[in-house]
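Trainee: One letter stands for each residue in the lines below.
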Amino acid sequence: MLETVELRKEFKGKTAVDDVSLYLNKGESVGLLGPNGAGKSTTISMISSLVKPTKGDVRLHGRSVIKQPQDIRKVLGVVPQEIALYEELSAYENLTFFGRLYKLKGAALESKIQETLEMVGLRERQKELIKTFSGGMKRRINIAAALLHDPEIVIMDEPTVGIDPQSRTHILDTVRLLNREKGTTVLYTSHYMEEVEQLCNRMYIMDHGRIIASGTHEELQRILSGEDTLLIQLNAPSQGLIQELQQLEPVRRAEETDNGLKLIVTKQSNILTAVVQAAERQRVQIINIHVHTPSLEDVFLHLTGRTLRD
Amino acid sequence: MVPDLLAQWMKERRSPYLLLTFIGLSVLAVVLFGMSSEGKTKIDVFLAEGTSEAEAAGWIERLNKSEAFEFVLRDEEPARAEVREGRAMAAVQLLPDDYRIVAAVDEIQGLLAERHVDTVFRQELQLRAAAERSGDPERFRLDAERILQNPPLTLHAAAPDGGEIVSYDMGLQLMFGFALFLAMFTIGSKINAVNAEKTSGIWNRMILSPVRKTQMYLGHLTYGFAAGFLQLAIVYLIFLYGFGFDLGGRFGMLLIVSALYTVAAVALAMLIAGMTKTPVQFNMVYPSVVPIFPLISGAYMPPGTITNDVLLVIGEFVPLTHAMDALLGIALYDAGWGDIFLPLAKLLLFAVICMGVGINLVERGRR
Ligand SMILES: Nc1ncnc2c1ncn2[C@@H]1O[C@H](COP(=O)(O)OP(=O)(O)OP(=O)(O)O)[C@@H](O)[C@H]1O
Ligand SMILES: [Mg+2]
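Those sequence lines, one after another, are chains E and X. In this text, residue positions in the first sequence follow UniProt numbering: the first is 1, and each later residue adds one. In this text, residue positions in the second sequence follow UniProt numbering: the first is 1, and each later residue adds one.
Check each hint, because a few of them may be wrong.
To be verified - Derived lysine-lysine pairs resembling PhoX-like cross-links, with alpha carbons at most 20 Å apart:
#1 E:K127 <-> E:K112
#2 E:K138 <-> X:K11
#3 X:K213 <-> E:K74
Think of the hints as simulated: they come from the structure by calculation, not from any bench.
Please model the entire structure based on the sequences and the hints provided.
Mentor: Right, dumping it as structure tokens:
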């Protein structure tokens with residue numbers, strides 16, 4: 001129902017978003033993953049008509065919305081990355097204000113406010129001022145404020161950044177409820193791989209303004225299907241061992257970890273004996289070897305050579 | 001527009017102290033500066049060698065018949081220091097039957113004081129000389145004073161337009177000056193909400209809602225206007241009824257001019273909001289720019305004090321200058337709409353330009 005076509009945004013000659021094409025089907029929950037500065041927020045701003053793309057198009061039901069942003073604004077609920085609330089007002093007053101912006105009044109407004117407060121689990125605290133709330137509670141009200149007008153599509157920009165586990169659980173539950181029970185289409189931005197794995201059917205991975213991979217969890221993992229990851233725990237760190245292992249044919253990458261090293265090797269290679277022999281030559285003791293199916297973090301590492309939270 | 005006003009109002013209800021503080025400050029400032037010795041300017045008097053205290057007391061009594069000045073006896077050193085350091089505009093040194101004015105150069109009030117002292121001395125010395133010759137000095141003096149009080153010939157001074165010459169009311173000028181000046185702070189703090197909403201992301205939320213841009217701006221402008229105008233009206237009322245100021249009897253006209261000034265001040269705040277990006281930047285720039293205005297426009301000084309051409313030209317670009325012209329015209333000189341048309345037109349022009357450029361800058365500063 002919503003798609004972007006070769007979206008591009010330049011800020012004073014610097015390209016923030018480059019050739020981004022993505023789509024959302026009705027009722028889907030889609031993740032948008034990427035490290036800081038990848039261009040996620042800029043992409044969202046262009047989709048929600050806050051920023052004009054330098055090039056490309058945003059289409060709703062196949063029709064371009066760049067010229068008539070009202071069409072998309074009507075069906076969209078945007079949870080911004082920053083806390084867009086009046087700190088001096090209570091949660092209830094904030095929601096009253098944002099509800100009024102959408103022309104809600106009286107009993108309808110009241111019941112919508114209570115419903116969204118219930119959804120984010122802050123009904124009992126509604127009379128308290130936002131500035132007295134914890135970061136996590138603010139984020140939850142920040143979400144509630146975007147849901148008052150029952151949007152068909154909800155876009156969330158890093159809604160769980162820097163918050164307590166309890167609030168995080170609440171937020172993840174809210175997203176699930178929205179998507180699975182109310183059938184809301186969700187675009188969920190994050191740099192936490194686990195969240196996207198849990199919440200989303202599909203995902204896009206962005207880096208340096210470009211989409212570098214996309215697909216379902218399984219599809220993305222298949223990128224690494226030819227590789228295994230070995231976590232080797234040692235009694236003492238050993239640069240010698242790392243260097244020796246790097247010479248071996250099936251080893252793609254070897255790097256030091258907190259208590260040993262991590263190897264990425266081609267599948268089905270009989271690497272274990274070679275590792276044990278090398279450890280003996282280097283006089284280090286192997287305490288534990290763990291063969292690990294690649295996670296999405298590994299996919300990201302594979303694609304960009306960096307971890308998500310670099 | 002209605003929801004936006006509502007949000008501003010809800011915030012106001014939680015902390016109405018700012019508005020109250022500025023109303024209080026306006027009153028306090030006028031009471032402190034405007035009403036000292038009922039509007040008379042204090043001038044120190046000190047004695048030269050050979051002048052007796054009794055003699056001085058006589059002169060001071062005669063000098064103090066003035067409506068504009070109050071002469072007080074003081075020691076020489078502090079009196080001279082006050083003038084040197086610019087805290088007093090003039091002092092008078094009494095010699096035996098003569099005087100010297102100690103004044104800072106270029107002080108118009110100093111010149112006025114000198115003229116007054118000069119008249120008093122000349123009159124007294126002439127009286128004395130005449131009395132000497134008349135043989136019965138006592139009697140002559142009484143006669144002369146009686147004649148001076150009921151002169152057979154009176155000279156009627158009139159303003160160039162034939163109207164009454166009004167004694168200038170510095171207290172009233174300061175009242176308008178401080179009230180208009182402090183209203184700018186209230187207005188600034190309200191308009192700064194635009195920057196606050198932009199940085200917090202609330203602005204974007206409003207853009208995404210069905211509320212239109214014009215409504216968003218109107219909401220903020222209306223609120224800034226209402227707060228500033230309310231503050232001005234309250235200050236006027238306090239001085240009208242609380243302190244018995246004579247505002248010239250045409251309160252409605254004063255309010256209309258003040259409303260126009262408020263629009264200009266709101267526009268200026270918008271311009272500065274457009275030039276700055278964050279509420280913090282606004283709070284650095286605005287309070288450093290605003291206090292320059294009353295100095296340039298001469299709102300704290302007697303009319304005619306500012307003679308520097310450059311300052312006068314800059315003053316033309318300050319809304320305070322024109323609002324003061326119009327308000328004082330109405331309150332003191334019975335000015336009609338025709339008389340204050342020019343200052344009002346300038347205020348309006350200022351408002352339109354600032355508002356246009358300001359909103360443009362605010363729009364362009366959008367991410
Ligand atoms: N208004 C702007 N002017 C200039 N550059 C900008 C602007 N907005 C974003 N950028 C740049 O565009 C790039 C992408 O930024 P964006 O905020 O979209 O990234 P992001 O993926 O949301 O990152 P984060 O995880 O930090 O939120 C960054 O390099 C950023 O510095
Ligand atoms: Mg971002």
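Trainee: Does the structure keep K127 of chain E and K112 of chain E at a Cα separation of 20 Å or less?
Mentor: holds, 16 Å
Trainee: Hinted pair, alpha-carbon criterion (20 Å max): K138 of chain E, K11 of chain X. Please report holds or violated.
Mentor: holds, 18 Å
Trainee: Holds or violated: K213 of chain X with K74 of chain E, Cα cutoff 20 Å?
Mentor: holds, 16 Å
Hint compliance for this structure: no hint is broken.
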